[in-house]
Amino acid sequence: AFKGAPEFSGEGGWRFKPRGRVQLDAGGINAPSGLSGSGNDRLGVGTELRRAWIGFEGAMPGGVGYRVDVSVGGSSVSLADAFVSYKAGRHVTLKLGNQKPFTGLEDLTANLYTSFTERSAVSEAFGFERRLGLSAQYTSGDVIVQGGVFSDNLSTISADTAKVWSVDGRVVFAPKLGSSTLHLGGSAHYKELGGSVVSSRYRARPFLHSTDLRLVDTGTLAADSETQLMLEGAWISGRFHASAESRWMKVSRPGVANSTFTGGYGEVGYLLTDDTTAYSGGVFKRIKPRHGLDKGGMGAVQVNARYDWVDLVDGGIMGGRQKTAGLSLVWIPVSNLRLLVNYGHSWVDDAAVTADGDGSYGIDSMGMRAQIDF
Amino acid sequence: AFKGAPEFSGEGGWRFKPRGRVQLDAGGINAPSGLSGSGNDRLGVGTELRRAWIGFEGAMPGGVGYRVDVSVGGSSVSLADAFVSYKAGRHVTLKLGNQKPFTGLEDLTANLYTSFTERSAVSEAFGFERRLGLSAQYTSGDVIVQGGVFSDNLSTISADTAKVWSVDGRVVFAPKLGSSTLHLGGSAHYKELGGSVVSSRYRARPFLHSTDLRLVDTGTLAADSETQLMLEGAWISGRFHASAESRWMKVSRPGVANSTFTGGYGEVGYLLTDDTTAYSGGVFKRIKPRHGLDKGGMGAVQVNARYDWVDLVDGGIMGGRQKTAGLSLVWIPVSNLRLLVNYGHSWVDDAAVTADGDGSYGIDSMGMRAQIDF
Amino acid sequence: AFKGAPEFSGEGGWRFKPRGRVQLDAGGINAPSGLSGSGNDRLGVGTELRRAWIGFEGAMPGGVGYRVDVSVGGSSVSLADAFVSYKAGRHVTLKLGNQKPFTGLEDLTANLYTSFTERSAVSEAFGFERRLGLSAQYTSGDVIVQGGVFSDNLSTISADTAKVWSVDGRVVFAPKLGSSTLHLGGSAHYKELGGSVVSSRYRARPFLHSTDLRLVDTGTLAADSETQLMLEGAWISGRFHASAESRWMKVSRPGVANSTFTGGYGEVGYLLTDDTTAYSGGVFKRIKPRHGLDKGGMGAVQVNARYDWVDLVDGGIMGGRQKTAGLSLVWIPVSNLRLLVNYGHSWVDDAAVTADGDGSYGIDSMGMRAQIDF
Numbered sequence: 030a031f032k033g034a035p036e037f038s039g040e041g042g043w044r045f046k047p048r049g050r051v052q053l054d055a056g057g058i059n060a061p062s063g064l065s066g067s068g069n070d071r072l073g074v075g076t077e078l079r080r081a082w083i084g085f086e087g088a089m090p091g092g093v094g095y096r097v098d099v100s101v102g103g104s105s106v107s108l109a110d111a112f113v114s115y116k117a118g119r120h121v122t123l124k125l126g127n128q129k130p131f132t133g134l135e136d137l138t139a140n141l142y143t144s145f146t147e148r149s150a151v152s153e154a155f156g157f158e159r160r161l162g163l164s165a166q167y168t169s170g171d172v173i174v175q176g177g178v179f180s181d182n183l184s185t186i187s188a189d190t191a192k193v194w195s196v197d198g199r200v201v202f203a204p205k206l207g208s209s210t211l212h213l214g215g216s217a218h219y220k221e222l223g224g225s226v227v228s229s230r231y232r233a234r235p236f237l238h239s240t241d242l243r244l245v246d247t248g249t250l251a252a253d254s255e256t257q258l259m260l261e262g263a264w265i266s267g268r269f270h271a272s273a274e275s276r277w278m279k280v281s282r283p284g285v286a287n288s289t290f291t292g293g294y295g296e297v298g299y300l301l302t303d304d305t306t307a308y309s310g311g312v313f314k315r316i317k318p319r320h321g322l323d324k325g326g327m328g329a330v331q332v333n334a335r336y337d338w339v340d341l342v343d344g345g346i347m348g349g350r351q352k353t354a355g356l357s358l359v360w361i362p363v364s365n366l367r368l369l370v371n372y373g374h375s376w377v378d379d380a381a382v383t384a385d386g387d388g389s390y391g392i393d394s395m396g397m398r399a400q401i402d403f
Numbered sequence: 030a031f032k033g034a035p036e037f038s039g040e041g042g043w044r045f046k047p048r049g050r051v052q053l054d055a056g057g058i059n060a061p062s063g064l065s066g067s068g069n070d071r072l073g074v075g076t077e078l079r080r081a082w083i084g085f086e087g088a089m090p091g092g093v094g095y096r097v098d099v100s101v102g103g104s105s106v107s108l109a110d111a112f113v114s115y116k117a118g119r120h121v122t123l124k125l126g127n128q129k130p131f132t133g134l135e136d137l138t139a140n141l142y143t144s145f146t147e148r149s150a151v152s153e154a155f156g157f158e159r160r161l162g163l164s165a166q167y168t169s170g171d172v173i174v175q176g177g178v179f180s181d182n183l184s185t186i187s188a189d190t191a192k193v194w195s196v197d198g199r200v201v202f203a204p205k206l207g208s209s210t211l212h213l214g215g216s217a218h219y220k221e222l223g224g225s226v227v228s229s230r231y232r233a234r235p236f237l238h239s240t241d242l243r244l245v246d247t248g249t250l251a252a253d254s255e256t257q258l259m260l261e262g263a264w265i266s267g268r269f270h271a272s273a274e275s276r277w278m279k280v281s282r283p284g285v286a287n288s289t290f291t292g293g294y295g296e297v298g299y300l301l302t303d304d305t306t307a308y309s310g311g312v313f314k315r316i317k318p319r320h321g322l323d324k325g326g327m328g329a330v331q332v333n334a335r336y337d338w339v340d341l342v343d344g345g346i347m348g349g350r351q352k353t354a355g356l357s358l359v360w361i362p363v364s365n366l367r368l369l370v371n372y373g374h375s376w377v378d379d380a381a382v383t384a385d386g387d388g389s390y391g392i393d394s395m396g397m398r399a400q401i402d403f
Numbered sequence: 030a031f032k033g034a035p036e037f038s039g040e041g042g043w044r045f046k047p048r049g050r051v052q053l054d055a056g057g058i059n060a061p062s063g064l065s066g067s068g069n070d071r072l073g074v075g076t077e078l079r080r081a082w083i084g085f086e087g088a089m090p091g092g093v094g095y096r097v098d099v100s101v102g103g104s105s106v107s108l109a110d111a112f113v114s115y116k117a118g119r120h121v122t123l124k125l126g127n128q129k130p131f132t133g134l135e136d137l138t139a140n141l142y143t144s145f146t147e148r149s150a151v152s153e154a155f156g157f158e159r160r161l162g163l164s165a166q167y168t169s170g171d172v173i174v175q176g177g178v179f180s181d182n183l184s185t186i187s188a189d190t191a192k193v194w195s196v197d198g199r200v201v202f203a204p205k206l207g208s209s210t211l212h213l214g215g216s217a218h219y220k221e222l223g224g225s226v227v228s229s230r231y232r233a234r235p236f237l238h239s240t241d242l243r244l245v246d247t248g249t250l251a252a253d254s255e256t257q258l259m260l261e262g263a264w265i266s267g268r269f270h271a272s273a274e275s276r277w278m279k280v281s282r283p284g285v286a287n288s289t290f291t292g293g294y295g296e297v298g299y300l301l302t303d304d305t306t307a308y309s310g311g312v313f314k315r316i317k318p319r320h321g322l323d324k325g326g327m328g329a330v331q332v333n334a335r336y337d338w339v340d341l342v343d344g345g346i347m348g349g350r351q352k353t354a355g356l357s358l359v360w361i362p363v364s365n366l367r368l369l370v371n372y373g374h375s376w377v378d379d380a381a382v383t384a385d386g387d388g389s390y391g392i393d394s395m396g397m398r399a400q401i402d403f
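Chains as they are written, first to last, in the numbering used here: chain P, 30 to 403; chain W, 30 to 403; chain A, 30 to 403.
Hints in this document: simulated from the structure, not taken from any laboratory. Some clues are possibly wrong.
[Stated by the list, open to error] Estimated spans, in silico, between C-beta atoms of each pair:
(1) P:L258 <-> A:S389: 45 to 53 Å
(2) P:G262 <-> A:D303: 40 to 48 Å
(3) P:S105 <-> A:G63: 32 to 40 Å
(4) A:L260 <-> W:M327: 22 to 30 Å
(5) P:A188 <-> A:D303: 54 to 62 Å
[To be verified] Listed below are several chain W residues computed to face chain P (Cβ distance under 7 Å; list not exhaustive):
(6) P35
(7) F37
(8) Y95
Just so you know, even glycine gets a beta-carbon here, dropped at the ideal spot from N, CA and C.
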């Protein structure tokens, strides 16, 4: 069967599917002149091949599964998901390898399905990333419990002096209420730095990814450990969805006061066409248009609004605050093609990058994406 | 169906095919002793894995298509074609992503099908490359019109300070005249440098790719923009083909006189076996032997002769001139396997690399390639 | 048919199969305190994505075959096998491309099937690697003769100043004696350094790969050439196998005395379950459990013991000696999944890394691997 690419099945539980995605971005960012550090040179109009991934996934007899996604950039390469899984029973699945440490609804939703080209700023600011680890997931009825122990991302652990480990857990309760779904969740995270990894840094791009400039940025901080708490809520009902998350990150710093940074977002979305928002397993999924371009229809069209913030000012650290209000228009002409336009206005305060010496100013961003996946 | 690799089709227009190619080169370059900059150390016998690509291409219902080719070197990686396409009507196809900006007959012909191991020197000298952009192609009868707007190659645009853009267009008129095809074409290109990209460089290897030494080389020039004009002509008739291109590149340089560099080539080829040169859509295509090794035959054998030149001397820039006369023997035992031997003699004048202080001398190159693709 | 991944066949000899493997390691190394060069910081507990490979292999009408394996790390990429092959007759196969230069039983056995997470120390110490070259293999009855000419690894030859070449040959005699197989083999290797490659280095990790610390290490030596001789012996009989290899490496050094380094190993293994050790074509192959997890069985379980040594002290070079005794437990729940635990105790003498100034000490290593391949 074709699921973007052909999926092959064999007797006894064999399964195999090629995987791939291409995301092409263009956009522009308009900021006040006089940004410190020649910041203006890094804004303006920009284009980007945001992601080009190829890989494989499959299953083997006995409940064994695997996935490998290779991400290729202009001259770089990295691994995204790269794991082996095992269905240890009706309710329990184990997963060993490079994977996301249960970072929350928005981050666990594949970057193919997010409502804006980029996730909310806290996602980047708090360093969400895949890590090498062993995890377990228990699913029963409306409840999902996830937990794991992790070392660090593959790039960091390629140094044998890195001695980082973390424990991460998440609980989701997602009852069906009539034809709607309520999503309530929370997660806790503890990461201990060690060995040659004795510092951390928190920063975020302004709405779009095409620039590498971060207006809010704590700089590199000496750190011992990070403790995070997150709360999630969502309501999914036919064409409509609303979701919100809030996060707290306490950074333990040697010899000085701890800092606690916060961030979060609230989002609403509505499908203008007769289509349905897709949610299952504690994350948002692929919206498949009922009347695609291939059937003479126009596909699915969704509008979304999001407000997100990140606050990197605490305990003597002045990393700045960034709030962004955004609107997006998503067009899904056929199931595996997605076009997205979004606009965001950001307000920064106490920013690490100043405008003519002033740390408080506003910027406007307009971005587009064309995406295909299989 | 097998097209090198299996191609899978599904109802409604689904299509999927893995892609790959391996090109293995060996060769030797014989130059006078006393090359400046220890140049002789970089010549002599050399081997190279010229290209190893893997990727996917496919199509989706509604006229959507895609291709991703990942090129892997000894320790490097890059993206070749990486685009999404859309058939917007009977005559028009749009293409968004990393692609060739309509650089001409020889460059647009896949590197799997070129008559020599390397394209003519002007191809390298004038920096032909894939760029991120949006293009449209109109085809009707014997006419092809192509045009697009592009930013830069993926490696350059990974810097957010790069602000380069180009417009590129090409027209081809290719009428059938009896059993033959005439190809007439022309293209125009304008590229504006900007942001942190304020310079350019024009240089070319001598005939083979195994060395990184360039005998002709302008060095890095401060530059504002590049304007290129190209003319193409070809005649394809059964076993025979002849083709020629000529190009002019005007480099606009801030505060000094512009420089105009030129280059081109003329080529003739003839199939010794009862096979047919393949041409369609404004480029050369795969020659499929009528009597392959698998059918007890010997496959297709082609001889080619080419003369190419590049002139990098103008407006105070002394980058040198290089002319090369080459002969090649191509053997295609079966459709997707290709063996190629070629010899070239190059004459350089005012070369950037001198031989005992003299900028005029000759060199001989002998190269071989084994290639498989799917 | 599914062979891990689906294998596709077409009329006339077409064949195509995706390839992949993931190896996930965790382990710990316990050494005396006071290692020189802050060596202790690089030991202790470590995790690693040891290998993530994706690729393709296939065949074409006329006896042509190919394979491309791309190895992806945290932020790096390289090519493993990348070759074109041709069956030149009933007994002879030619292979052109990146391949192993017939380095011996253990090294030619795929890293998917080795009895321990890492091969014996001599494998790393003597720099076994794939190289670009042309090889031929003659097989007839119980005899295999292999030989080839090679340049260097792809990373080295990307520099056009590298002028290295080698000739490598191996002979195997492997008669069936009843239901058992005897394996006798030997190989000889000559590598001449040249151009910008004028030095060599011999060193090895202690048992596990998670650290990059090498206790034994000659440092960089000026060198002209390397001559290697290797002897191989093995006995494979149902559940049981024993194998041993011994190697001598003479390093020719300009202006000083030559150094001859040695290394080798002896290994025995036994399958606790009713399964059979797999051997063919002069190497060990995949053990396929008779009663896999998918059939309600527990898969195959194998215990192995190995003693290996490497001696890098000769001719004025004091690189140290390392001996390791190891035990491993291999569990193969289903054919393409493999779990491995191994423990090793190493003794080093005259080590390059000293413990409180003493070059003689012992270390303990415990490692685990989870592996899936297709």
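Each hint tested on the structure:
{"no.": "1", "hint": "P:L258 <-> A:S389: 45 to 53 Å", "verdict": "holds, 51 Å"}
{"no.": "2", "hint": "P:G262 <-> A:D303: 40 to 48 Å", "verdict": "violated, 55 Å"}
{"no.": "3", "hint": "P:S105 <-> A:G63: 32 to 40 Å", "verdict": "holds, 39 Å"}
{"no.": "4", "hint": "A:L260 <-> W:M327: 22 to 30 Å", "verdict": "violated, 43 Å"}
{"no.": "5", "hint": "P:A188 <-> A:D303: 54 to 62 Å", "verdict": "violated, 44 Å"}
{"no.": "6", "hint": "P35", "verdict": "violated, 10 Å"}
{"no.": "7", "hint": "F37", "verdict": "holds, 4 Å"}
{"no.": "8", "hint": "Y95", "verdict": "holds, 5 Å"}
When each numbered hint is compared with the structure, violations occur for hints 2, 4, 5 and 6.
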